[in-house]
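Colleague: Line by line, the protein sequences give chains E and D. Reminder that position 167 of the first sequence reads as 167 in the working numbering, one-by-one numbering, no gaps. Reminder that position 212 of the second sequence reads as 212 in the working numbering, one-by-one numbering, no gaps.
Check the hints yourself; a few may be wrong.
What the hints assert, rightly or not - Each computed BS3-like pair below joins lysine-lysine, with the alpha-carbon atoms no more than 27 Å apart:
#1 E:K311 x E:K321
#2 E:K321 x E:K275
#3 E:K101 x D:K53
#4 E:K182 x E:K235
#5 E:K13 x E:K182
#6 D:K200 x E:K101
Just so you know, the hints here were simulated from the structure itself, not pulled from any lab data.
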Amino acid sequence: MVTPEQNQYEPIKSVHQVPLEEFYSSGHRTCQGCESALTMRHLAKAAGPRTVVTGSTGCMYVANTSYMTTPWIIPWMHTQLGAAGASALGMSAGLRALMRKGRLAEERINVIAFCGDLGGGDMGLSGISSALQSNYNLLIILYDNESAANTDIQATGLTTYGAQTTFTPPGSAQRIMQRRWKKNVAGMMAVGHPTCRYVATACATYPPMDLMNKVRKALSVGGPAFIHTFCPCPKGWDYHPRYSHEIGELGVRSGIFPLYEVVEGQVRYTYDARKRRIPVREYLTKQGRFAHLVDEDMDHIQQMVDEMWEKWEVPGVAPFKGPLSEA
Amino acid sequence: MTHTLTATGNAYVSEELLTGCQAVAQGVRLADVDVIAAYPIRPYTEVMDLISKIIADGRLTAEYIIADSEHGQFEIVKHASSVGARAFAGSSGTGWLYGFEALAVTATDRLPVLFLVGNRALDDPGAFGVEHNDALAVRDLGWLLCWVTTPQEALEHVLIGYRVAEDRRVQMPMALAMDGAFLTHSQHIVRIPSVEAARKFLPPYDLGDRRLHPDNPISIAPQVNEDWVMEIRRQNWEAARRAPQVIAEAYREFDAIFGTDYASSPFFTEFMTEDAEVVLVGLGTVAAPARTAVRRLREKGERVGYVGLRWFRPFPTVPLRECLRRFQAVGVIDRDFAHGSPDDGGILLHEIRSCLYPAAERPAVVNFIIGLGGRDISIADCQRMFDLTRQAVGAAGGDGLVRWIGVRE
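Please put together the full structure from these sequences, using the hints given.
Modeller: Here is the structure:
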């Protein structure tokens, strides 16, 4: 395997060290309080100008990038809903081929592809898997707002159990239509791709600067990398836009969204929810999408979250349980 | 089985016994393609078997990616093309349709990748053999679409295809179609061009100011909605309208370098049509039995000929109209189906009738659905089609006849 060249970035230790330059700027038409847009801004800021980005179909395409008002100061291209992985592969391969043949100057150009939870957690899984198996330097960022948020808030494979969406409305016969437990995408990527050196989860606002540092690590580690970000969505989750940051923080601190990085197979918790967790009710009750849940439902979600942190072999990451059998 | 040609100054350096797929692989080597994405499906897949070996042996420097699916394969080459790399992929049958979304956007993004389509029937039920519905599915999307009939043409149309597709006036993706099995896996002696001659004919790919690179920070394919979609479709339309001129130019230059004769009839070939009354027209390898049938019928004094259509997109409307209007009857051979379409004919029938409509005097046009799923088309089948076409001359109700040939009824 080719050893990919390394990127050198300084870690951002305080807000004063955050670069002032914006590479994702005005021009987008996302909602107030949109954390997905903040993820975009931070990834661009952290990566810097020698970067190419693709965005697969989703609200960060449709609401984000309109003709003649593009917010992208770095080069950007649309890719298809299920094609984040393939687009990153194609760009990386193209750039490498042209540099090998001397038709482009040798330099490290960051290749980043982003996708939403529908594009990354459902349709695009196989392409992302393919990209993470490669030896190209590339980063896939799955911004997860737990719905097809641009299409009118439909449930995806990453929607929280019990949530109301336009595909999962509570009714008189069935209180809960969203009965699927959220896929564990980052864990799936980490477990499934033994040569992938960097997999992480993040939240754009909590802890502050964490996402930017994770983007920089991902771009420096060499080879393909994957980051799954937790992106509260005021429209889809039904809360006032001013609380986006708070909802993100509550999601992390309740342990419902584990925050960690896996570097060369080593798990490091960014927020160690094994040690301290607030009740998941504090997170659920602040969002209209859970307004129809009763105590029993909240207890079930709490139990599942507790199990994730107390019973899983690698808590929050890999849902294998108990000691291995001898034969 | 290689021997070196002795003639000095020849643009061809050797001869090899190659299948259609293997010839395309040699074309990819000579085109110095930068990025190749592979995914297996019969019958196109043999091209990737050879390309991977060519790369393994160091005869081509390229990034070679085994994709997760056809959709992944097509998106990989689309994005490789967007950063300025010459890219190649291919598929067959349902694989081609699995990646269909990517095929649509590759055309609207105006990225000049080249794909091999080894024509194969669409499942279900499963069939490995040739049908043209797979490649024809992109006919309305802004693709260049061309059928070759020999491995020699296949190799040469990799170079010609990239040259036309990448031309600044065109910038459309190119589908190089060939009949599954009958050409993909049929061996012929192929003259191999020299690297120098290939380079002379095919300049390096230059996407210019449309290349995605940090030094050229553009946004590609943002949301435009009804504000701009019509203008962008119009640009695609104009590019397709410019393509015939660029194709003709490319053939002239190819002929000058390689001594071939494409330019005299760039879009379709005519066989013994000069004094013909009745002709068949078709796509792909049906040319072989059809030409033999022409020779045999000519021996009996029948004035028949064959027109082999090479370029389906852009459709050679005016030259083909001028060609076909000379005859009394035209039998259109469709190795495809268009269920529920006008007169329940095949796709080529509709294109040709539409093409002929403005002609003041039109030949009778009849249609044959034949050879689906790779069923053999015999010389006797072709003779029968000539007979049926001749019967349409002057016959009431003969015009518009659609017949299935070689089907159990």
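Colleague: Now tell me if each hint is right for this structure.
Modeller: Cross-check of the supplied hints:
no.	hint	result
1	E:K311 x E:K321	6 Å, holds
2	E:K321 x E:K275	19 Å, holds
3	E:K101 x D:K53	20 Å, holds
4	E:K182 x E:K235	20 Å, holds
5	E:K13 x E:K182	32 Å, violated
6	D:K200 x E:K101	18 Å, holds
Checked against the numbered hints above, the structure breaks only hint 5 and satisfies the rest.
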